[in-house]
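Undergrad: Chain order of the listed sequences is F and D.
When we follow the working numbering, the leftmost residue of the first sequence carries the number 12, and every step to the right adds one.
When we follow the working numbering, the leftmost residue of the second sequence carries the number 57, and every step to the right adds one.
None of these hints come from the bench; they were simulated from the model.
These numbers were taken from a predicted model, which means no experiment stands behind them.
Don't be surprised by glycine CBs; every beta carbon is placed ideally from N, CA and C.
Any given hint could be a false lead.
[Claimed, not checked] Here are the simulated lysine-lysine pairs, DSS-like style, with alpha carbons at most 25 Å apart: (1) D:212 with D:163; (2) D:186 with F:199; (3) D:186 with F:197; (4) D:76 with D:63; (5) D:163 with F:199; (6) D:253 with D:240; (7) D:156 with D:112; (8) D:165 with F:199; (9) F:199 with D:156; (10) F:197 with D:130; (11) F:315 with F:66; (12) D:212 with D:125; (13) D:76 with D:125; (14) F:66 with D:130; (15) D:63 with D:112; (16) D:212 with D:121; (17) D:286 with F:197; (18) F:199 with D:130; (19) D:240 with D:277; (20) F:197 with F:66; (21) D:121 with D:163; (22) D:163 with D:63; (23) F:197 with D:165; (24) D:277 with D:287; (25) F:66 with F:199; (26) D:165 with D:212; (27) D:112 with D:76; (28) D:286 with D:253; (29) D:212 with D:130; (30) D:253 with D:277; (31) D:112 with D:130; (32) F:197 with D:156; (33) D:186 with D:165.
[Unchecked claim] If you anchor each label on the Cβ, the simulated ranges turn out as follows: (34) F:253 with D:189: 40 to 46 Å; (35) F:122 with D:122: 21 to 27 Å; (36) F:197 with D:127: 25 to 31 Å; (37) F:123 with D:122: 41 to 47 Å; (38) F:193 with D:242: 46 to 52 Å; (39) F:91 with D:189: 15 to 21 Å; (40) F:128 with D:284: 43 to 49 Å.
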Amino acid sequence: MKNPSGRTYAAEGNEKYTGWGNSMSFISYFINGISLGSVYAIIALGYTMVYGIAKMLNFAHGDVIMIGAYVVMASVSGAGLPPFAALLVSVVFCTVLGIVIESVAYRPLLNAASSLAVLITAIGVSYLLQNIALLIFGANTISFASIVPVPALALAGGALTVTGEAIVTIACCIVIMIGLTLFIRKSKAGQAMLAVSEDKGAAQLMGINVNGTIALTFAIGSALAAVAGVLLCSAYPTLTPYTGAMPGIKAFVAAVFGGIGSIPGALIGGILLGVIEIFGKAYISSQMADAIVFGVLIVILLVKPAGILGKNIQEKV
Amino acid sequence: MAMLEVKDMEVYYGMIQAIKGISFEVNEGEVIALIGANGAGKTTILHTVTGLLSPKRGTVLFEGKDITKIPAHKIVSLGMAHVPEGRRVFAELSVYENLKMGAYTRKDKAEIDATLAMVYERFPRLEERKNQLAGTLSGGEQQMLAMGRALMSHPKIILMDEPSMGLSPILVNQIFDIIEEVSKSGTTVLLVEQNAKKALSIADRAYVLETGTIVLDGDAKALMDDDSIKKAYLGE
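Whole structure, please, built from the sequences with the hints as guidance.
TA: Structural data, given as structure tokens:
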């Protein structure tokens, strides 16, 4: 396996058996891809749920991730909280932040004549969050100490190492997906979300408080963003006020990829994106990886404009 | 005292006045028809009564209580259900889940189950298809589901918007038979229809609407014999 410039990349593990090492590194990249993709999927859930229910793109979502990571960092190194408590603080903080953003910045505009108004506001909120972080924490890159307590797992006699972060990230993604699916299918609030996403007017006629349901959606999305922020910064241990921007955009791509508004779509889109990105970095060019990711997006949207699981519902008259 | 009383209602869409000061009342146990051509404002009136739109002027009284400012999602628990134009069932939910949505504001599980049994009895087709997604039902079945969903809230009054729209004549007759049954079982009905003939045939009283104004009202049977109504709405 060579990239166009002729460089061979270093396979992890045993270099003596080249074929064996290559397949081991392939597996290792694949796991890393799924792990990164799991983070994208968790972030994409926030995009896709908010889009599904409020029909808006919350471009500040990525920056909530960054805020969540700073809160964890401040709670661990500043207040000396244990990692799990810090995560809880961050989840609560981001949940409240999400609700506040929705009620202050978006709700007054949801019925505005142009849906662009709320989109532009979201971009504004994104810059606001970045600049607040800049003001409080400064522009310097802070190294983020991983708070994942799980040790790395050595497989195949040490030829394959799976980091604790990857294990925890993938496990979190699975738990969140199952939990969220059960919540939406089985709980009354979840069913209300489905009803609101389909038809706000009809949902109101059922007695569903649409504003409350939208606020709940933002709360869930932002809580997940906090979790994603911690996982992301544990795997890639640096933190700046712009840390959330790129993963936010990529998770948005993942959501569109899978079919925006669809929860399984966010999972599929996120995982695919992560795997494509890591393989692109490993086998083609690390500089080109993002271009490859967005290139694949363009191709998929040309072939299937609604995304992989997106559908165009036919209305019956 | 009328069960539902609308006084001097005026509704605007931006600068355009859709409803130009109308008043009407619905007494307990009645079937009231609001008839009129497309664009007369029938749907706007229903939307304003259930709070999906707010009037610029005028009041809506339900059982003597002013509900003009009450948001739409709090209306249903007062005992008023609305079957919207075009059914608007939740296509991605199953028939059963749609019916459960209708009982969203109710708490007592045993009572909800009793109402569900009653709805299934009235619409056996819905029970046969309870696990099917609502979006896959035929137009007539979706209308039945929309009506069943409204009945799930156990309403005192049910507002129906164009229940016959887009249905075959046989289905139209079936739907109107069901409306009569619903009325006989003690639910007050406010019916909005373009199909004036069918609406007048089951209504006690009716109001005739033209471009946002009530031009005629009275006993349904008498309106059926009215020459101007015959000419304009009954095609005779």
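Undergrad: So, against the hints stated earlier in the document, which numbers end up violated here?
TA: 7, 17, 22, 37, 38, 39
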